[in-house]
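Residue numbers (the numbering used here), protein chains in the order written: chain A, 1 to 147; chain B, 1 to 147; chain C, 1 to 147; chain D, 1 to 147.
Incorrect hints may appear among the rest.
Among the chain C residues that face chain A by a calculated CB cut under 7 Å, a handful are [unchecked claim]: (1) HIS83; (2) LYS103; (3) GLN104.
If you want the ones that stay clear, here's a sample from chain D, every Cβ over 12 Å from chain C, calculated [unchecked claim]: (4) THR9; (5) PRO17; (6) ASP31; (7) GLU93; (8) VAL107; (9) LYS118; (10) GLN124.
The hints are simulated quantities; they were obtained by calculation from the structure and are not laboratory data. For each residue, glycine too, the CB sits at the ideal point set by N, CA and C.
There are 4 protein chains.
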Amino acid sequence: MKMTTDALTVFLQDAFPQVADDFLIVTDSEDELVIDMKISEAHLRPGGTVSGPSMFCLADVAFYLAILRQIGPEALTVTTNAHINFMRKPVAENLLGVPRLLKQGRVLVTGDVLIYEKRDTSRQKPVAHAVMTYSIPPQSAIRSEPE
Amino acid sequence: MKMTTDALTVFLQDAFPQVADDFLIVTDSEDELVIDMKISEAHLRPGGTVSGPSMFCLADVAFYLAILRQIGPEALTVTTNAHINFMRKPVAENLLGVPRLLKQGRVLVTGDVLIYEKRDTSRQKPVAHAVMTYSIPPQSAIRSEPE
Amino acid sequence: MKMTTDALTVFLQDAFPQVADDFLIVTDSEDELVIDMKISEAHLRPGGTVSGPSMFCLADVAFYLAILRQIGPEALTVTTNAHINFMRKPVAENLLGVPRLLKQGRVLVTGDVLIYEKRDTSRQKPVAHAVMTYSIPPQSAIRSEPE
Amino acid sequence: MKMTTDALTVFLQDAFPQVADDFLIVTDSEDELVIDMKISEAHLRPGGTVSGPSMFCLADVAFYLAILRQIGPEALTVTTNAHINFMRKPVAENLLGVPRLLKQGRVLVTGDVLIYEKRDTSRQKPVAHAVMTYSIPPQSAIRSEPE
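Bound-form chain A, shown alone (with noise of 0.2 Å):
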């Protein structure tokens, strides 16, 4: 690991301070990565339900982080694609993001994020299935597998 979560903390409020203040990083009893994210007004949509770019968002964030915490601070590293499966109808509530990388090469990260209401402790129905690439800036792929 490349950075802490005090570090990503940190890391965030400067890169997004649009939306940092949204997302509290925590990790699980394994120690993975997981995001919290606070869902407000601004998040919602018609039936109470939280709109797909809030959970968009989240997905983005929670990989995001993820690779950091692997490479190192790197503001420069963009969403390549992405797909996501919206599944069940969250309540209005506090959604967690756990994110699983599962390539990381010299230019393209890959992976998913998993995503749960917090109140869904025993994390059998996740609410969206995001699977993310993100394009890495060429002097941070050191220690990469080749491709």
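Starting from the known structure of chain A, arrange chains B, C and D on it as the hints suggest.
Same frame as chain A, now just chains B, C and D:
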């Protein structure tokens, strides 16, 4: 068409007051729907480019309005899944979203949205391409083709 | 579980005689479904690697069988959409597909499939990751959760 | 254009002898590339429709040939990811794949493929829509735009 541009504008303001002011609904020379997104500080990322979630939001709103234009005002129509490719980094100015319906079924509506910088008047260099699938409430699905 | 490994094998042979011989249905140590794909000349691409469509076929068959195992023999269950990331070039040997159901709804079933080289016994380096959505015929959808 | 239809046909036969006979490379009235896929018993699924993996294969070949037409014969160009929506069940007859390049970058090429029944001469009812991203070997990437 079941809704005019004016009707869509009123509906957007009622259903999504959080984001409605960011969007202007226009139609192009062939009477196709085009959504004009005002980019402000809240939409930016490091390097002065527009954030991925902001472009996802434009794609989501543009496709949603394209569906409502066909089926009428159904606020409970929801995104089932989405795939988005980020192809070029846009400058921090207005973006246009151009939706296209490819299939309107009984339950699912599928299509895509091309996103351009507003200043790219030739529309030769899309900055993002999103494929969207929405599910529509059963009672709205009149006049669709069988699946 | 509504179908045993033997029942799935017979079903696959009946419904998809064209490809059934390429697949062996096994279960792993935790009684999870694993599909073993025999790679032959027909599946290769220049450079001696397995073609993308062949890996897509493995993902499709693996997820289809995972659904049938839950809902019983429904040949008319069909793929609605799929997203696949190709992450590493596999050598031209057997591949394993490991499906996971994330949501079984009334109409749509969603989940993903990780594909590994069979020789990668630690399963640390997936070669591909597919997210699949299937739609199931209405009468099969008993015991699903409400959408 | 760096390759003619004839050159693409020869290349396909050399590089993919396993599937080349299923495909006929044609161009339409605007000199755009169109790929005509011959459907045989091997491509079918229960109900007499064309299998998902067969349509994926058509999308993959069509997009690959569209890239080679631009950059020249690069057999090692590979699919990075793909998203495919299956929208209508085609009858068991020839299919057409119509590729479109949206971005040709230094490393990644992105675009989509619409798939039609050949008998649907108005091309109003696509049966599938695939979004493809390919990565191209570094030395081929001349004349691309900066990323």
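12 Å Cβ clearance of D:THR9 from chain C: 16 Å, holds
Status of the stated non-contact between D:ASP31 and chain C (beta carbon gap over 12 Å): Fine: 27 Å to the nearest Cβ keeps D:ASP31 off the interface.
Given as non-interface: D:VAL107, which should sit over 12 Å from chain C by C-beta: 14 Å, holds
Interface restraint verdict for C:LYS103 against chain A (beta-carbon cut-off 7 Å): It holds, given that the least Cβ distance between C:LYS103 and chain A is near 4 Å, below 7 Å.
Distal placement of D:GLU93 relative to chain C, Cβ over 12 Å: 17 Å, holds
Consistency of the no-contact label for D:LYS118, given chain C and a CB cut of 12 Å: Given that every Cβ of chain C is farther than 12 Å from that of D:LYS118, nearest at about 20 Å, it holds.
Interface hint status, C:HIS83 versus chain A (Cβ within 7 Å): 4 Å, holds
Closest C-beta approach of C:GLN104 to chain A relative to 7 Å, hint status: 10 Å, violated
Non-interface claim for D:GLN124, where every Cβ of chain C lies beyond 12 Å: At roughly 21 Å from the nearest Cβ of chain C, D:GLN124 sits farther out than 12 Å, so the non-interface label holds.
Given as non-interface: D:PRO17, which should sit over 12 Å from chain C by C-beta: 9 Å, violated
Of the numbered hints listed earlier, those contradicted by the structure are 3, 5.
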